[in-house]
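Enquirer: These protein sequence lines map, in sequence, to chains A and B.
For the first sequence, the working numbering gives the first residue as 2, with consecutive numbering after it.
For the second sequence, the working numbering gives the first residue as 3, with consecutive numbering after it.
Careful: at least some of the hints might be erroneous.
[What the hints assert, rightly or not] Computed Cβ-Cβ distance ranges for the label pairs, DEER-style:
1) Ser-217(B) x Val-121(A): 50 to 60 Å
2) Ser-196(B) x Gly-98(A): 36 to 46 Å
3) Val-58(B) x Asp-93(A): 21 to 31 Å
4) Val-121(A) x Gly-162(B): 32 to 42 Å
5) Gly-222(A) x Val-207(B): 51 to 61 Å
6) Glu-45(B) x Val-175(A): 34 to 44 Å
7) Trp-5(B) x Gln-149(A): 28 to 38 Å
[Stated by the list, open to error] Interface residues of chain B toward chain A, partial, derived using beta-carbon atoms under 7 Å:
8) Gly-68
9) Thr-84
10) Pro-172
Hints in this document: simulated from the structure, not taken from any laboratory.
Quick caveat, the model's predicted, so the values are computed rather than measured.
Here a beta-carbon is modelled for each residue, glycine too, at the ideal position from N, C-alpha and C.
This is what each chain is made of:
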Amino acid sequence: MRRSLAAACVAASLVACGLPGTGPAAGQERPALVAAAADLKFALADIAAAFTRASGTHLRITYGSSGDLARQVAQGAPFEMLLSADERYVLDLQRAGHTRGEGALYAVGRLAAFAPHGSVLSLDPDLRGLQSAVAEGRITRFAIANPQHAPYGRAAREVLERLGLWARLQPALVLGENASQAMQFAASGSCQGGIVPLSLASAPDIAKLGRFERIPAEWHGPLRQRMVLLSSAGPAASAFYEYMLHDAGAGRTLARFGFARPEGR
Amino acid sequence: MEWDAIRLSLSLAGWTLAILMPLGVVLGRWLATARFAGRHWAEGLLALPLVLPPTVLGYYLLVAMGGASSVGRWFQAATGTTLAFSFPGLVVASLLFNLPFAVQPIQRAIEAIDPDVREAAVCCGMTSWQTLLRVELPLAWPGILSAAVLTFAHTLGEFGVVLMVGGNIPGETRTVALAIYDRAQSFDAGAAGSMSLLLLVVSFVTIAVSYGLGSRLPGTRRRR
Chain A
2 MRRSLAAACV AASLVACGLP GTGPAAGQER PALVAAAADL KFALADIAAA
52 FTRASGTHLR ITYGSSGDLA RQVAQGAPFE MLLSADERYV LDLQRAGHTR
102 GEGALYAVGR LAAFAPHGSV LSLDPDLRGL QSAVAEGRIT RFAIANPQHA
152 PYGRAAREVL ERLGLWARLQ PALVLGENAS QAMQFAASGS CQGGIVPLSL
202 ASAPDIAKLG RFERIPAEWH GPLRQRMVLL SSAGPAASAF YEYMLHDAGA
252 GRTLARFGFA RPEGR
Chain B
3 MEWDAIRLSL SLAGWTLAIL MPLGVVLGRW LATARFAGRH WAEGLLALPL
53 VLPPTVLGYY LLVAMGGASS VGRWFQAATG TTLAFSFPGL VVASLLFNLP
103 FAVQPIQRAI EAIDPDVREA AVCCGMTSWQ TLLRVELPLA WPGILSAAVL
153 TFAHTLGEFG VVLMVGGNIP GETRTVALAI YDRAQSFDAG AAGSMSLLLL
203 VVSFVTIAVS YGLGSRLPGT RRRR
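Looking at chain B on its own, in the form it has when it is part of the complex (with noise of 0.2 Å):
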């Protein structure tokens, strides 16, 4: 066990999970209740990093963090150091990475309220802030607890574009998938063995979580 690998992936988890959270339940609401023309588009780009090879956006992530980029050049002058191959840099593309499991499962569950109940919210004077807060949140929880699991589990596991963004270096960009590589390469079977039965435990039960948690949606628990 890489003690150190696994407190950076729970520390890169838990940064990720709390600036993905808010984001995710913004645009989860605006995607299940605003109406406008194009909105595939904007749903096909959030998804997108289910679908596209890990390595095709960690070389336009390492593109745009590298020195050459205006990006990459504002952070070294403003922190001394690259944005590319430091934890900051990794953060920002687990929040990308990241971006379909959290922005799904709540968009599916805030989509699973019955319009009359918000009509009813509108009604009652409250304003969409108060609505989203008192009346949509509480329904939704079990689809924002959802993305929160999926979201952890899946910072965990990320392998390419961590590889290719964060460059495997010891407490500082060496996650726990990482570790794994680098320990099945060193013929260490112990480690690598033993930190693969734990991402196997974590990812299983956040799954088997996941959907036990979309079956107490609002939507689905009329249908029974």
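Just chain A, same shape as in the assembly (with noise of 0.2 Å):
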């Protein structure tokens, strides 16, 4: 019995102090870390691949959603840049002096309609489609971003408010976190479809699990992107925060994911 103890003391002890050491006090260099909306999981995946290539400097990104991460900034979080969906959240944080400056205008976010394959919505320009679907009582389940804290779930209520669709939808919504888990409820197959970010529904990986449709830009307001280094930002989040202003390249991928440019910056 006293040997099975000693077994087991050793086997915990084994577990509980071989690891240690991938820990926070490393203390070699930090590659920087990015706060991005949702919307830019797949074009800052590439913009920033692009930058490493070029710089030899990584980037850790984390996504959410704009709000959540403004949030996380003001509570404190080590980020040292943040690529918000809606300016409004950066220049709150600027005021709340958690920013270097107002930071700039990098994109303008477009809307889409998706439908997955098989399902019963039909997608048109105008969206017509939807709003017979809706009347006639065939959607059941429609995915959007949570408006409380996700700019895109914001412009997606003023969707379907302006086509009179937003009391008819409620029993039917489903919220997700961000903007791309409500990317990820559309395409499910278990929705009927969802207004999502156009970034999202035009991705490679996405566009081949269905359909989608832009939504004119003056449906909603306008998704002005703004991005800023925040207070802790160190100098290889200082030089991606130039790369993604004045980048050709980081530009066209953009342009390529649906983003418009921003007029004035």
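Both chains are sitting in their own frames, so use the hints and assemble them into the complex.
Expert: Structure below.
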């Protein structure tokens, strides 16, 4: 029995002590820590890879809803740069003294309606198919991001309100925690469709799961996407900020994913 | 597979075990042997993480660790980083949400020891410390090992508290459970699937081992 106990203790301590070391005390220089709105998930992955190839500097990117990320910044999260889907969050953080300056607009976001293969929802530029499907009660599950803290959710709500569908769709709405979760729900096959960022719906991995249709930009308040360096930003983050602003390749990648260029920064 | 996330989860589990196991033995023994008024309140407090929604624990931890709290300010002054959204903050959270998983199996194991054995130890002139080391721990070891495996598996799997307190930062607070959530949202079914399978296997083996150990406790053996 004594020997078994010893074996158990040895096993436990091996597990306990053998592993730490990847912890925070690792000491070597860390790649820049970037917080990005979930609509950037595919576009920013491409841009970050190109940036790393060009500069040798690595980035660590956390995706989430802009509101959630801004809250974490305000609560002291160690992000060095924030790419928000809505400039309001950046300007709020600036007023609270968490940023270096007011940052810059880097893109204007667009919405898309998405329907997975086999859905009863038919898509057209004016979304008449959506209106008739809702009127006939054929939409039982419809995905958007949470309007409370996700800019694309708020824009989707404005579109649905403009079409007079917001109240009728209430029982069917499935709210994603952020834009990419809304996209996941919309493409899952369990929803008849959803209103999601064009940048996600048009990404190759997702576009093959269904059909999408651009929603006119004037149907919702503009998604003026602003980025900003945060108080703790190091040189790597500053370099990436400049790259986002000035690199022609980064601009082309954003355009390829359906983002419009902002007028005046 | 995100190996960074897997390493981070293992590291978190390692730190949690290293700190929580000695604490669990002390608390478990105290609850198993001490008789005092309001004992059920103390037991209830320790078991609370079993029933408390992770978001509630996460919310209170975020408030307690934030820059507005004295603990948060003290940590920031001492280390230069915030406790929330950091690895040490995750360890603190992990210690709290694992308390019942560590304490309860140890408490049950020590409770199962025949009081006569303990009295005999006292009659032999052994101190309380000697009794623990030479009598109680050797008899209760299946409970202690069971506590360790449960704590280990639960640390790998916890999601809500880790997301709220840690904020899903790659290499710092993104554990396997968060990486699965993230990969699923990125339509990366391959990585989400393989990491989910890993956690499924680890959890199943853990529970089976823990049940196997439970049947080796002194109390259950005597009843057979």
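Enquirer: Are the hints correct? Go through all of them and say.
Expert: Outcome of the hint check:
1. Our hint of 50 to 60 Å for Ser-217(B) and Val-121(A) holds, since their Cβ atoms are close to 54 Å apart.
2. Restraint check, Ser-196(B) to Gly-98(A): a C-beta distance of roughly 43 Å satisfies the suggested window 36 to 46 Å.
3. For Val-58(B) paired with Asp-93(A), a C-beta distance near 27 Å keeps the hint of 21 to 31 Å intact.
4. For the pair Val-121(A) and Gly-162(B), the beta carbons lie near 35 Å from each other, so the given range of 32 to 42 Å is met.
5. For Gly-222(A) and Val-207(B), the hinted distance range of 51 to 61 Å is satisfied, since their beta carbons lie about 52 Å from each other.
6. A hinted range of 34 to 44 Å holds for the C-beta pair Glu-45(B) and Val-175(A), which are about 40 Å apart.
7. Hint check: Trp-5(B) to Gln-149(A), Cβ distance near 35 Å, so the stated range 28 to 38 Å holds.
8. Given hint, Gly-68(B) at the interface with chain A, holds; its Cβ is 5 Å from that chain's nearest Cβ, closer than 7 Å.
9. Because the closest C-beta pair between Thr-84(B) and chain A is about 4 Å apart, less than 7 Å, the hint holds.
10. With a least beta-carbon distance of about 4 Å to chain A, the hint placing Pro-172(B) at the interface is held under the 7 Å criterion.
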